[in-house]
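Asker: Given next are the chains, with one letter for each unit.
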Amino acid sequence: MPKLLIVDDEMDVREFARNFFRKRGIDVSVASGGSEALALIDKECPDLMLLDVRMGGMSGLDVLRELRQRKSSLKVFMVSGLEEEQVVKEVTSLGALGFIHKPLILEELEKVVTRELGMNS
Amino acid sequence: MGSEISLIEKIYIGAALLTAIESFSLCLLVYLKNKSNAVNKGYALFGFFVGGWSILLFLCHTSNNPALALIYNRLLHLSSVFIAISFYYFTYKLLELKERTILVVGVAVSFVLAGLCLTPLIVTSMAPKWDFRLWPVPGILYQAYLVFFSFFSYYSLFRIYQAFRKAAGNRREQLRYIFIALLIGFAGGSTNFAYFYNLHIPPVGNIFVFLYVLILAYAIVKYRLLDIRLAVTRAGIFFTVYLIVLGLPIWLGFKMMGAGAWIWPVTLMGILATIGPSIFIFLQRRAEERLLAEQRRYQQVLRQASAGMGHIRELDRLYKLIAHILTRTVLMESAVIYAYDDDKKVFLRVAHRFRKDKKKDYPEFSEDSLLVRHLLKSNNRIFIDEVRFRAASPRFTEERDVEVLFNDMEASLAFGVFIENRLDTLVVMGPKSSGRPYTEDDLAVFSILTNQAALAIENARFYENVRKTQEQLFRAEKMATIGTMADGVSHQINNRFHAMGFIAGDILDTLNLYETDPGRFKTEDVLTEVRTGLKRVEENVRQGSQVVKGLLDYSRNDTKTEKEGVDLHRLLKASLDMVSLKVNLKDFELQLDIPQDVPRVEGNFVQLQEVFFNIIDNAHFSMMDRKAKKVDLEYKPYMAFSSEVVGDKLRLVIKDNGMGIKEEDQKKLFTPFFTTKVSSRKGNGLGLYVMRKIIEEDHGGTIRFSSEQLKGVVIEIVLPILTGNDLALKTA
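The listed protein sequences derive, respectively, from chains S and Y.
The letter at position 104 of the first sequence is residue 710 when you use this note's numbering, and the numbering goes up by one with no holes.
The letter at position 293 of the second sequence is residue 868 when you use this note's numbering, and the numbering goes up by one with no holes.
Honestly, the hints are just simulated from the structure, not real lab data.
Certain hints may be false.
[Unchecked claim] Below, simulated DSSO-like cross-link-like pairs (lysine-lysine); rule was C-alpha separation at most 27 Å, straight line:
(1) S:K629 / Y:K1043
(2) S:K695 / Y:K1202
(3) Y:K741 / Y:K616
[As the list claims (entries may be wrong)] Pair by pair, the computed Cβ-Cβ distance ranges are:
(4) Y:E1272 / S:L703: 50 to 58 Å
(5) Y:K1237 / S:S679: 27 to 35 Å
(6) S:H707 / Y:T1107: 48 to 56 Å
(7) S:Q675 / Y:L1127: 39 to 47 Å
(8) Y:K1237 / S:H707: 37 to 45 Å
(9) Y:E1039 / S:H707: 44 to 52 Å
(10) Y:D1172 / S:L703: 53 to 61 Å
(11) S:H707 / Y:L1244: 40 to 48 Å
As the structure is a computational prediction, the values presented were derived from the model and not from experiment.
Don't be surprised by glycine CBs; every beta carbon is placed ideally from N, CA and C.
Looking at chain S on its own, in the form it has when it is part of the complex (with noise of 0.2 Å):
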């Protein structure tokens, strides 16, 4: 089963995600804070993650890094509003796979993951 990491520190993202991609048939974990994620990507080794940029404590940004250091090859998508474009050069030279706006609409989130995941709907 292909595995999906959410970190958002809102509780009704991961929760409601977490139900809607299970019903995908994907395997959901969720954390909602950066270190909780780190920990969380050693555990569960996910194939995909929807990292939240900005988040109280660690940030979306110092994942990445903390990734990049680590040499992963974990896909991660960034998930965030409108940001400066100097955020936006520093996660795609950190080999983030995108971004994904707020407020998002479900299906082409579905899409994108799917997608990532090799799956087919």
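For chain S, the structure is supplied; the task is to place chain Y on it using the hints.
Answerer: Just chain Y now, kept in the frame of chain S:
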């Protein structure tokens, strides 16, 4: 009687009159010049009785009627009883003696003796004796009188002598003269007593009694005795002149005619001549007061006006005061003030005073109204009497219209107030209440008043503009702060939409799947998911609306600054909520050491929220700055709030461990537009300026900063605690 009058009796009589006049004069002088002084009062009393005794002595020995002479003599003995006790009273006050018992007993005995003096027990009758045509025959209680008189006179003299020995300087000189003067007076007077004991020693000493007054007068002038130094010069001259003017003819009369009935009209003339000038001066002063009353009132009004108007910074209050002052100047039926309104381009009524209830309503005058046009034409003053005078001539058509207008308005006078060469304010006055016309003096005063008013209005308007500008500045500062939250707010709102998007999307997805494949889910599970989801949607809406409400509350324009009881916990939470829209509160540790039952402060919630927002925001900036500069490893940013009740004030101490403030910057903290922040997006330098204005000007509190670089900032805010029932309930 009719026997020859001896020389000694003649001199005796003359000296008695002289003593009486002197004594009364000095008594009056001392009393009038310093009534409030107990010593002066004591002396005046003494002088009065000496004068009384002396004049009675004079009357007694000039009388040809033995019965009348007896009455005079008994009365003079009565006076001499009071001479003794009043002399003691004067000494008592002068030396601040503590012998109240002696005084009280003395006064009581004096009244008893005074009563006895009117009976034959002291003086039985009058009979010829040696050089005197009539001399009193002592009664059986004469001794008692003599003992009383001698005791109080000589005891007092003794006390004065004692005090004189101890005293120094000016006081010593004063006491010396008092002692000498009164010793002469009493010793001289005592020579009267020999005759009563059948000793043929004539009462020549009595002739020298008049000297005591002269000696005292000398001491008064030289040693400021009895505190009437200034008075002596004028009154002294007056009495000296009168003494000569009136004394000389009387002395001459005596010389030529001897004592006789002529003395009565002459004495009366003397008294009237003395009183005459005083009456004249009194009447003259009264008349002047009447005549000058008007001028005095004008002066007073002008003084009042210049003192009062300059201080007033609110235009509304100033206009009211001007109207008030005008109506006070002269009692008039009405005074109405119109001020130019820049927006409406008309003169609007801003203040009025009416004596009666008739309120003629003229709310406005346009710039080209008849009143304004005519005012500009007629030297900035329209006076109904002048208008009427001209209106009678067919040449002046406008005057006729003005007359109609004024009659209609029931106005008599209109003035314009010019500011910077522009007609700014109109003053329209009704007729005088007295019905009399306005005089040139009235008009002159109004003219001065309008000039003063112009200055005051200009002054008040300047302050009003400053205040408005300041308000705009503060508003701009607040809006700028709110601008810095835009990012945080949009993030918050966006997150709500984002979450709701997930919730709605997931539920729709489940419903779709349930429709296409009903077997896949249990109906109950679907319903539970829908219900849970909708509850979460509701919650997100609530959270989002809270953010919006908080922002709207914060940006509320609170110019009225109404005070309420502000709960510190609620205030801090609201402030932190706002800060959280701008910065991440998890960046630092927050320590709150504020008791749960901290008394509420008296203040304006939104204003105080702005202050706390600024404090937390600044502290955060400073702590992040320190963190970024990596001054020290293991740096843990924290902010601490604590409170303490000090009397009727609440003292708040807010600490952070940020960068602190450089010493050279500390003095400039409250200067507007001073900032150390590089980017104008991060701060415009108005924050602290606004904070101080809010705390000190609007709340009557204090705000103080102390800081050391790299140690952080300590802010101390003192605010008044809300008083009244509210607090009582809370602390009970």
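Asker: Does each hint hold? Answer for all of them.
Answerer: Hint by hint, here is what the structure shows:
{"no.": "1", "hint": "S:K629 / Y:K1043", "verdict": "violated, 63 Å"}
{"no.": "2", "hint": "S:K695 / Y:K1202", "verdict": "holds, 25 Å"}
{"no.": "3", "hint": "Y:K741 / Y:K616", "verdict": "holds, 25 Å"}
{"no.": "4", "hint": "Y:E1272 / S:L703: 50 to 58 Å", "verdict": "holds, 57 Å"}
{"no.": "5", "hint": "Y:K1237 / S:S679: 27 to 35 Å", "verdict": "violated, 49 Å"}
{"no.": "6", "hint": "S:H707 / Y:T1107: 48 to 56 Å", "verdict": "violated, 27 Å"}
{"no.": "7", "hint": "S:Q675 / Y:L1127: 39 to 47 Å", "verdict": "holds, 44 Å"}
{"no.": "8", "hint": "Y:K1237 / S:H707: 37 to 45 Å", "verdict": "holds, 43 Å"}
{"no.": "9", "hint": "Y:E1039 / S:H707: 44 to 52 Å", "verdict": "holds, 50 Å"}
{"no.": "10", "hint": "Y:D1172 / S:L703: 53 to 61 Å", "verdict": "holds, 55 Å"}
{"no.": "11", "hint": "S:H707 / Y:L1244: 40 to 48 Å", "verdict": "holds, 42 Å"}
Hint compliance for this structure: hints 1, 5, 6 are broken, all remaining hints hold.
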